[in-house]
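Undergrad: Sequence:
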Amino acid sequence: MDDTSQIQPPDSFADLFRSRAGILKTPIAEVVARYELCEDLACHLVEQAQTIYHAGNSSEEGVLQGFYTAISGDGSAVNTKEAGWIIQRLAELLEWKAPQLPAAE
417 MDDTSQIQPP DSFADLFRSR AGILKTPIAE VVARYELCED LACHLVEQAQ
467 TIYHAGNSSE EGVLQGFYTA ISGDGSAVNT KEAGWIIQRL AELLEWKAPQ
517 LPAAE
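The numbering used here applies: residue 417 is where the sequence shown begins, and numbers increase by one.
Read the hints as simulated data drawn from the structure, not as lab findings.
FRET-style restraints, in silico, Cβ to Cβ: (1) Gln424 - Ser474: 30 to 38 Å; (2) Gln464 - Lys513: 16 to 24 Å; (3) Ala445 - Gly489: 21 to 29 Å.
Where is the CB? At the ideal position from N, CA and C, for every residue including glycine.
Could you put the whole structure together from the sequences, leaning on the hints where they help?
TA: Below, the structure written as structure tokens:
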């Protein structure tokens with residue numbers, strides 16, 4: 417990553433923008449901006465996920481799957497790979513088991 421940036425996306429996120437050879441295919445500034453968006457969204461969804469779960473409407477996996485469906489749909493601000501990362505991060509923040517998600521295109 418870029419040493420001049422104060423924000424260093426984790427490898428799990430940066431890997432979404434790498435070629436099979438490990439070369440970053442997207443400018444670092446864009447990767448950082450996308451990371452900030454995705455991290456913010458994951459953090460924002462924590463309270464909503466807890467509320468839905470504790471209301472008894474769904475299991476942990478059901479809550480996470482529902483959010484994935486919502487954020488990976490047409491017109492979303494994130495692509496399916498980013499949506500998958502967001503859900504993995506959300507599960508980590510909640511200390512829930514990450515669900516099996518559909519393969520990203």
